[in-house]
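Using the sequences plus the hints, can you model the full thing?
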Amino acid sequence: METSYETTPVTATNETLFGEINLALPVQAKLQELGFSKPTEIQKHAIPILLEKGTTNFHGQAQTGTGKTLAFGLP
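Residue numbering for the sequence shown follows our numbering, starting at 1 and increasing by one per position.
Hints were generated in silico from the structure; no laboratory data involved.
Note that beta-carbon positions come from the ideal geometry of N, C-alpha and C, so glycine has one too.
Worth double-checking, as some hints may not be accurate.
[Said to hold, decoys possible] Just the calculated beta-carbon pair ranges, DEER-fashion:
hint, residue 1, residue 2, range
1, G60, N22, 10 to 20 Å
2, L17, E52, 14 to 24 Å
3, F36, Q63, 14 to 24 Å
4, V27, F58, 15 to 25 Å
5, E33, N57, 28 to 38 Å
6, L25, E52, 16 to 26 Å
What follows is the structure, encoded as structure tokens:
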């Protein structure tokens with residue numbers, strides 16, 4: 001079954017923090033240590049989907065410098 005961001009529920013708001021995205025605790029700690037607290041738009045939408053689906057086949061589009069690599073690398 002094919003899904004898209006329009007049909008996949010995402011629990012992300014403008015105030016979403018990395019700690020609310022259900023990342024592993026060591027990952028959350030390292031993000032905090034590096035000064036990252038809030039995900040960018042692509043991160044807050046992609047990371048929950050990638051964590052839930054466990055997929056390596058994902059298409060996301062955002063401008064250069066918005067954190068796509070981190071979004072796809074964290075899960």
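Hint by hint, here is what the structure shows:
no., hint, result
1, G60 / N22: 10 to 20 Å, "18 Å, holds"
2, L17 / E52: 14 to 24 Å, "18 Å, holds"
3, F36 / Q63: 14 to 24 Å, "18 Å, holds"
4, V27 / F58: 15 to 25 Å, "18 Å, holds"
5, E33 / N57: 28 to 38 Å, "31 Å, holds"
6, L25 / E52: 16 to 26 Å, "18 Å, holds"
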